[in-house]
Amino acid sequence: MENGKQKMKNRIKFLTTSAFAFLILPFAVCVNAQEQPPAPSAPREVKIPAIKNSELPNGLKVAVVERRNLPLVSVWLLLNDAGADSEQKDGLANATAALLTKGTKTRTATQIAEQIEFLGGNLDAGASWNSSVVSLSITSDKLEQALAIVSDVVLNPTFAQSEIDLFKTQTNDELTVALKQPGSLASFVASRYTFGEHNAVGTPESLKSITNADITAFYSQTYTPKNAFLIFAGDISGEEANALAKKFFGTWLNNGKLSQSAYERGQIPTVGTSSPTNNVINRFLVIDLPNSGQAAVTYAKKLYVGRVSCANNKCATDATYYPSTVTNTILGGGYSARLNAEIRIKRGLSYGAGSNLASRNNQTNLLARVQTKNETAAEVTELVAAEIARLGSDLTEQTELIPRQLTLTGAFGSSLETTSRLAANLVELYTFGLSADELNSYMTNVRGVTAEQVKNFATSNLNGGDIIIVGDYKVFADDLKKRFPTQKIEVIAASQLNLNSDTLQKK
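Residue numbers for the sequence shown follow this note's numbering, beginning at 474 and rising by one.
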């Protein structure tokens, strides 16, 4: 079992990066490897187990994926709309979710942890930008006992002031460390500066403002069965899962203001628009962090395309989703992607370079990130901008496109091999009001993306982003001005940074 401090580190790491990024490990190659790799074998089709759906009288939706190969079950409770924080209360959703497991009317935080550990399970809770999730992994013979605890933490949390204070202290300590790291700080800055939002974990300043009343009110308004999915994956039948759902969540009442998800209410925000530009870089921001060992170079772009398109209260995957996914994988999705190939493999300027996409209801956030020496920050910035531009100027060759598509389909196939990752895939779809049937079409849709679609997507969406560099400015200032002579460069001292302000500066 992870201790509380390690879980907090993992949560902050998760919330400052992408929830759906894949880690691709390179194969070892011999010195005398052939110049051209062999043609890829025919893709292996993945059989998606049948998904049984039902709904309890209180509106709780239940989805069950039966897989009997191992005596394990993963249970995920998804709370849609429980990830959007109140204004000036950054981190409220995450605090509420995390504190669910820190005490109920009949169990202390210690008792909850000890009882789950005794059963050999793992229980966790947290929030992303779009939703909150409570997850359980357990052997099937202990499932009923463990679900009694899950039900208790969801339906009867106490949010004791002592636990709130402890959570705020631990989170503040972790944030203080994270915000001294160039890469983490760059992500926090991009959230406010480029994406017009905040990081889901909050900031040291916003955490101070969160009270017991805030947490209790947020819980009461958003934790409601009509707004929730209960997902079972593993060694369990639909009948068994429905019986357990009714036993442990059948008395859950709809007392909150959010009795339906945003998709069911027809309240999906309209996707904005932007004019295509030939300029890769829109704004240039440097956060001056004196004596930092390295510099973080980030290209951040708010893409005016959402995960879904909705009409007449019906939602479907947006037409740009698969082209954007393949485009990102070409740019920075894995060891052989362009950023890593150019910056690490070819030039040795970093231990790793990559990019990721994070979907929202009405926008998608692109982050391309590299950590390098301060002395090479300007050079790396130039290389990142060049790779962004190349995606929109040149057609991707099939010899590059097909392996990148195989990276995606291979990772997707692997994600269906474990019950927890299978459940996580369903959570993503249900978060955006999408049908689980999309699991069956994912590979076909990825393979169907053409080089022309990649180029068109890049041309229409990737240019006009922001360069954010966090590092020791005096080391790379002259080189940066030399390489970007016409670019206005805004510099903010890290000591004067205010992540709760749209201007990013203390008054």
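Derived from the structure by calculation, the hints contain no laboratory data.
Remember, it's a predicted structure, so these values are computed and weren't measured experimentally.
Treat the hints with care, as some may be off.
[Claimed, not checked] In silico SDA-like pairs for lysine to any residue, Cα to Cα no more than 20 Å straight-line: (1) K787 - V753; (2) K525 - N728; (3) K681 - N973; (4) K954 - N973; (5) K961 - N973; (6) K928 - V753.
Item to check | Hinted pair K954 and N973, Cα distance within 20 Å | outcome: violated (29 Å)
Checklist entry - Does N973 lie within 20 Å of K961 when you go C-alpha to C-alpha? => result Answer violated: K961 to N973 is near 24 Å, above 20 Å.
Item to check | Holds or violated: K681 to N973, with C-alpha atoms at most 20 Å apart | outcome: holds (12 Å)
Next on the checklist: Need the status of pair K928, V753: alpha-carbon distance at most 20 Å?
Outcome noted: Holds, because 14 Å separates the two Cα atoms, which is no more than 20 Å.
Checklist entry - Given the proposed pairing of K525 with N728, does the C-alpha separation stay at or below 20 Å? => result Judged against 20 Å, a Cα distance of about 27 Å means the pair is violated.
Checklist entry - K787 and V753: Cα distance at most 20 Å? => result violated (35 Å)
This entry does not satisfy hints 1, 2, 4 and 5, going by the numbered hints stated previously.
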